[in-house]
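Undergrad: Protein chains in written order, with this note's numbering: chain G, 43 to 328; chain V, 2 to 108.
Just so you know, not all the hints are guaranteed correct.
The calculated lysine-lysine pairs, modelled on DSS-like cross-linking and capped at a C-alpha distance of 27 Å, are [what the hints assert, rightly or not]:
no.: 1; chain 1: V; residue 1: K48; chain 2: V; residue 2: K30
no.: 2; chain 1: V; residue 1: K40; chain 2: V; residue 2: K30
no.: 3; chain 1: V; residue 1: K86; chain 2: V; residue 2: K48
no.: 4; chain 1: V; residue 1: K40; chain 2: V; residue 2: K91
no.: 5; chain 1: V; residue 1: K86; chain 2: V; residue 2: K46
no.: 6; chain 1: G; residue 1: K269; chain 2: V; residue 2: K91
no.: 7; chain 1: G; residue 1: K269; chain 2: V; residue 2: K48
no.: 8; chain 1: V; residue 1: K50; chain 2: V; residue 2: K30
no.: 9; chain 1: V; residue 1: K86; chain 2: G; residue 2: K269
no.: 10; chain 1: V; residue 1: K46; chain 2: G; residue 2: K269
no.: 11; chain 1: V; residue 1: K91; chain 2: V; residue 2: K50
no.: 12; chain 1: V; residue 1: K91; chain 2: V; residue 2: K46
no.: 13; chain 1: V; residue 1: K50; chain 2: V; residue 2: K40
no.: 14; chain 1: V; residue 1: K50; chain 2: V; residue 2: K86
no.: 15; chain 1: V; residue 1: K50; chain 2: G; residue 2: K269
The set of hints was computed from the structure by calculation and includes no laboratory data.
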Amino acid sequence: MWGIALLVFREVLEAALIVTIVAAATRGVARRGWFIGGGIGLGVSGALLVATFAGAIAGAASGVGQELFNACVLFAAVLMIGWHVIWMSSHGRELAQHMKAVGGAVQTGASSLSLLLAVVALAVLREGSEVVLFLYGMMAGGADGLVRGLAIGIAGGSTVGFLLYFGLLRIPLRYFFTATNWMLVLLAAGLASSAARYLVQANLLPELGSQIWDSSWLLSDGSVLGKMLHILIGYDARPSGIQLVFYAVVVIALMLGTRLLGGSPRQAAVRPASKAAAAPELDAVV
Amino acid sequence: MKRFLIAALFALPLVAIATEVPMFTLTIKDHRYQPTTLKVPADTKIKIKVINNDSTPEEFESSDFSREKIVMPNSSIEVFVGPLKAGEYKFFGDFHQDTAQGVLIAE
Ligand SMILES: [Cu+2]
């Protein structure tokens, strides 16, 4: 039972951290609960589908289908997060304003929200498909305590997610969107670095130097904290050169994107919150 | 600089695929790896083939050399590993960590 709980916990935690950051980043947007719930629901259905076709996926593309699939899912999430981050930098002021306008129908956030719904779905799909395959194997092997293990794992993983969420809510409002935007940037960079790792594993990308550094003596990838930091900021105890390249490219691209297309995320986020969102010209932005 | 990086990214995969890599085989039976210790050359890119003879899925995984790939029942997968510096690297079966454990020794 505890073995089952532990594996489910780790996978749920990975997905929960991403969902948490998305939930925090969409704070104050109307109907976001539906979007996030819908994303989780879609993700679970997707996970069942992926697990069903796991054999076919693995066999595709001369044996590297699994790596390609994972890399595509990750890159898709990176693109959607990236789009949202850049969108936020120009529309963050509206968003912060709508937070005050209680009950106001938020039309504006919808397009960006559906992207984040997709991010939630992709995160749940990726980690969930592993859980489904694992449980399928356990069921075939006749393991006992399956349901209890599953329940404990899900409860534990989501609890950590909720704790992080309520921790994030303690960030003062004027720094809040700056903080969550940076979290999204690092999240995206970490996902891109993981995608690069899958492509190296499939020999589709060069490593550009394996194990550029080794900090596993300090914090190993296998530990729970290591796994959490892996998701949150892309921590890797022994990264390859190409992973660092992908990480840096995403961070730089998103920083440039927010500067060029939106003005800095800090300005966008702080202004409405500190100046009480009452400035009339803000309405014109919509 | 940026243009160079992009060009390098597109050009290098062709180079990477061109060379042949030595292959090593692991077999999973009753949620255990055979052999449990695999000696591989250090500073060389290698390929590991994992054959799953169980009727349940397994995930071949290592945090030490950072690889993870699901192996469906009664089928096999291949992953590229390294080049690794000389040393010991643990790997495991993520779905049966209590029994599926092994060590890769690069020397
Ligand atoms: Cu996982």
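Undergrad: If a hint holds in the structure, say so; if it does not, say that too.
TA: Verification of the hints:
no.: 1; hint: V/K48 / V/K30; verdict: holds, 20 Å
no.: 2; hint: V/K40 / V/K30; verdict: holds, 20 Å
no.: 3; hint: V/K86 / V/K48; verdict: holds, 15 Å
no.: 4; hint: V/K40 / V/K91; verdict: holds, 12 Å
no.: 5; hint: V/K86 / V/K46; verdict: holds, 11 Å
no.: 6; hint: G/K269 / V/K91; verdict: holds, 17 Å
no.: 7; hint: G/K269 / V/K48; verdict: holds, 26 Å
no.: 8; hint: V/K50 / V/K30; verdict: holds, 14 Å
no.: 9; hint: V/K86 / G/K269; verdict: holds, 23 Å
no.: 10; hint: V/K46 / G/K269; verdict: holds, 26 Å
no.: 11; hint: V/K91 / V/K50; verdict: holds, 16 Å
no.: 12; hint: V/K91 / V/K46; verdict: holds, 17 Å
no.: 13; hint: V/K50 / V/K40; verdict: holds, 14 Å
no.: 14; hint: V/K50 / V/K86; verdict: holds, 20 Å
no.: 15; hint: V/K50 / G/K269; verdict: holds, 26 Å
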